[in-house]
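So the sequences go chain by chain: H and X.
Letter by letter, the first sequence follows residues 1 to 597 of this note's numbering.
Letter by letter, the second sequence follows residues 1 to 597 of this note's numbering.
Accuracy of the hints is not assured; some may be wrong.
What the hints assert, rightly or not - Per the computed footprint, the stretches of chain H lying under chain X, defined by three or more beta-carbons under 8 Å from a beta-carbon of chain X, are:
#1 37-48
#2 166-179
#3 334-345
Because the hints were derived from the structure by calculation, they are not lab data.
Backbone N, C-alpha and C fix where the C-beta goes; we use that ideal spot for every residue, glycine too.
Number of protein chains: 2
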Amino acid sequence: MSGSPIDPDNGKASELSALLKRRGFFFPSYEIYGGVAGFFDMGPMGSLLKDNIIKKWKDRFVIEEGFLLVDCPSIAPEVVFRHSGHLDKFSDMLTRCTDCSEPFRADHLLDDIIENADSLSEDELFTALKENDVKCPNCGGSLGPLEEFNLMFKTYIGTGSDRPAFLRPETAQSIFLDFPLLYRTNREKIPFGVAQIGKGFRNEISPRQGLLRQREFHMAEGEFFFDPEADGFPAFDTYRDLKVNLVANTDPDNSIRKELSSAVSEGMICSEVLGYFMGVTHSFAREIGIPEDRMRFREHLDTEMAHYARDCWDLEVLTSYGWIEMVGIADRSAYDLEQHTKGSGQEMTAMRRYPEPIQKEVTTISVNMKVLGPIFRGAAKEVNDAVSLLDPAAVKELLETGEPVKVVISQGEVEVPPGSLSIATEEKRVAGERFTPHVVEPSFGIDRLMVAVIEHAYFEAEKSPLREEASDGEGPYRVMRLLPSISPVKCGVFPLMNKDGLPELAIPIEKDLRKCGLITYYDHSGSIGRRYARMDEIGTPFNVTIDYESKDDGCVTIRERDTGIQKRVPISRIVNVISDLVSEKIIFDDLDQPVIS
Amino acid sequence: MSGSPIDPDNGKASELSALLKRRGFFFPSYEIYGGVAGFFDMGPMGSLLKDNIIKKWKDRFVIEEGFLLVDCPSIAPEVVFRHSGHLDKFSDMLTRCTDCSEPFRADHLLDDIIENADSLSEDELFTALKENDVKCPNCGGSLGPLEEFNLMFKTYIGTGSDRPAFLRPETAQSIFLDFPLLYRTNREKIPFGVAQIGKGFRNEISPRQGLLRQREFHMAEGEFFFDPEADGFPAFDTYRDLKVNLVANTDPDNSIRKELSSAVSEGMICSEVLGYFMGVTHSFAREIGIPEDRMRFREHLDTEMAHYARDCWDLEVLTSYGWIEMVGIADRSAYDLEQHTKGSGQEMTAMRRYPEPIQKEVTTISVNMKVLGPIFRGAAKEVNDAVSLLDPAAVKELLETGEPVKVVISQGEVEVPPGSLSIATEEKRVAGERFTPHVVEPSFGIDRLMVAVIEHAYFEAEKSPLREEASDGEGPYRVMRLLPSISPVKCGVFPLMNKDGLPELAIPIEKDLRKCGLITYYDHSGSIGRRYARMDEIGTPFNVTIDYESKDDGCVTIRERDTGIQKRVPISRIVNVISDLVSEKIIFDDLDQPVIS
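Bound-form chain H, shown alone (with noise of 0.2 Å):
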């Protein structure tokens, strides 16, 4: 069999891309209505596949590493966008062509010209056009101005247009805005983690590389809290000593294979805790069905940060299109929660305790409401909030000096009066002080750990590897070799007659099999190596037969995909056997008696 991952130029690609949509993985949506670009439907194949790689990620994130899960809403308004700072900076570049008016994504235009296209900057891109005289790839017409193109798609609630809104182009925000929420339900205990799983949503200008950019898609993103200042981080013990491939943003070029533990000590990576996610998300890729030798980790250069970004390292897998970003791990710093504190006037801070309570010199304001109020009416409250919010020391000191004190309310700014403000001093003991926790955010993109993973799991031969095994339809055999814990269909059962009493025994067996949690394909048409085969291609693990004999032995056939050796269970024990077998408690090996090899 002919090895993975897939090059584009030796016809495997179409060849998988064919059988995705036959046997009901993926497909491009509305392909009745002539189809839209960016848009994909999951099949029955696909919708198990992926839903298999997210409860293993449930089960890491959730299970494991004890994040919270939350699934808040993909609509959130205008206020959300304005102050998480997508609504100003999450565009892309575009200039249309002068003559047929097709709009392009500017920087995938120099893609074959230059390296990290994605990376210039507004002006830098227009020279780059100019200098190596792009044209228009459909008509060769000239292309207009860069235009920036907001990548949210954008509606409105309700009834007018006075409440415009945003689908999420990340599950993010809405975990950071409900931080103090979620903090509290945790019981006021700092680091911990928060997940979310579902769609996000970016209106790209003109996608086209099929699952790997999509305008709706599979996100499962941790957003784990922490204090910046603690000592260390002793779950990073785990992955210390984990070696991993790294192209720093310093040498772009090269990828150098080295120790977490090093790559941290020397400030390549920015914390242990950056890095233990690191640890986590390749542990997890492994686990999926990624060979370790196609993964790498890329820090994002500088100009290619995210607005909200102080590092980032993505995963990324070589696949046919290349290396291919799976998933971001990125430090927010304190970014989110800071911002949506100035936007909202909602503390969004965490306790610091200090190991015994400690004698210090406290100074706090306090607002006189009864000046304030008739001056600022109903925006009193509002300033009032704002002012709770500054540094006592730093008010202390303009007053001081006579300096006019000024906060940020909804109507803008406004000068607080002195009159209303007084400060006090006094030594107090205090448990510990507040902070802004800072966020290291794992995120990954499922469609394309899905597309990873089929790729690295799809073999083509020449002919079968048993010699009546057919293949099944035209071409080559195709066998994916997915883990059996991700595959969609764990098991086949097949009658080998459907008569003289052989469904009559199969029937019970694929029950039970479907009782216990396992989704089985029941065949009893056509010869076995073409049911064989039928699985094959859909990467089902395991397939039971029950022939003549099992009448008289009350034993069944399991067939292994990987190596077509096949050994005989008694029925009684099947249950038990491929439940185990599913899920890696045994394996093949493990059971005796071979009946073909």
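Position chain X relative to chain H; hints supplied.
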């Protein structure tokens, strides 16, 4: 303890709603920015509970019933909803206050005045508002004229405004569009079901009923495709004898208790297929904890029926808001497939095989493209496709009588020149005939079911059932009696003291439970009574306490939530015992050695 359901007048509802927010079940979205009506966040407990309900749904529909799972985008281009009928008909009547301009859903203003206001026509609504002299509930102002308001959220795909699109109001449409592909994937066998779980979106005019009327909500829908001419439906036998409460639209004021088989044979329920899925729905609702006596099926009034439905029965559950629709089970007949065939020209049929091939006179039309091409140019293929959907016998008659043959293509109605058509009739051996399948759709509102489950699980008591158990926080002692299989946290793990070697015993127990896929809660602080109380509030069915005796006898205590009874179990067995209790393989009574009762 006092019983469920919650009556909004006795204070329990507000008690519960505070608990649900404090404990992280669900709460209004975007609260730090003042909130937006109709949007809710699921917190850590709500997300787990919702996922557990969805898992049960998948177990039932995908694993047990064998429905094919798909997962399609939320955004769909306008053309889909033009042909599905949603663009024209998926709307509510809106009226605005002429003084304060607040918009209202007209029928909701009549809710307390007349029954079934939502089934009134536009004229009837207008008259009813006038006759009852309904004023603006906000400011007492007069109400303006009625306007039709489409409930779909609108957006645009791509860079211009030439590709309008909508957020799906139901997940069903994509399933219909994919029918031809899914039928092939299913190897052209019928009947079969297709399931989709995901978000639905409805831009409600003024949503006010919490989780029951959201603008974005979780749905789980099944579309069951079948041959309406098939004799009976053998699977119906499973529920034939099931007695259910039925409110037929011929007698909408009375609920009668009846076997499903009688209701079908009397013609009250229109088919065995519909009756079967009412049975499945009933059994599912029981399985997630909704009491039999709080459920009924209500048939839609003719005026209330959705534009696509031939008949529809709602599963309603009695909640603190009254009888509320949880599931709609609609007979959509061939409506959607036929609409999309008309819209796209794509044939959406299945094959009805004859028991034996028969000799039959078959009329076929063939189109001479050499004639059609020069006349219609680029549209010739479209004309050809449209002709192929015509009934050959009818075309034959038109040609014989000299009437024009007309078809509708994207540029409008066109006449097909008789010279391009030839009709052939021959005797053929045919194996079957094509037909458009009918559809029965069970459509589940997951959030609503979650509310119903919580309300029926919630109990209050003056004080704790055990003397040492204190209420956590103010107010009465609260217990959520969720079934173990759907409760968010499965097991609390409590070392009696956070010292003396007890954590060393407790931590590995928690780790092992999590390895086994169980969500746990580790708590080492405060009195055991308060720790139990905290778990009782979120419905954790079992708690394990590690005490000083554990060090000697290697046993720990398991406490059952609903009885407060505690039993000792060896540490070596604890993971299996908890796992079997949660999956309901064993019940608590199966354990021996009670220590306190």
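Out of the numbered hints, which ones does the structure contradict?
none
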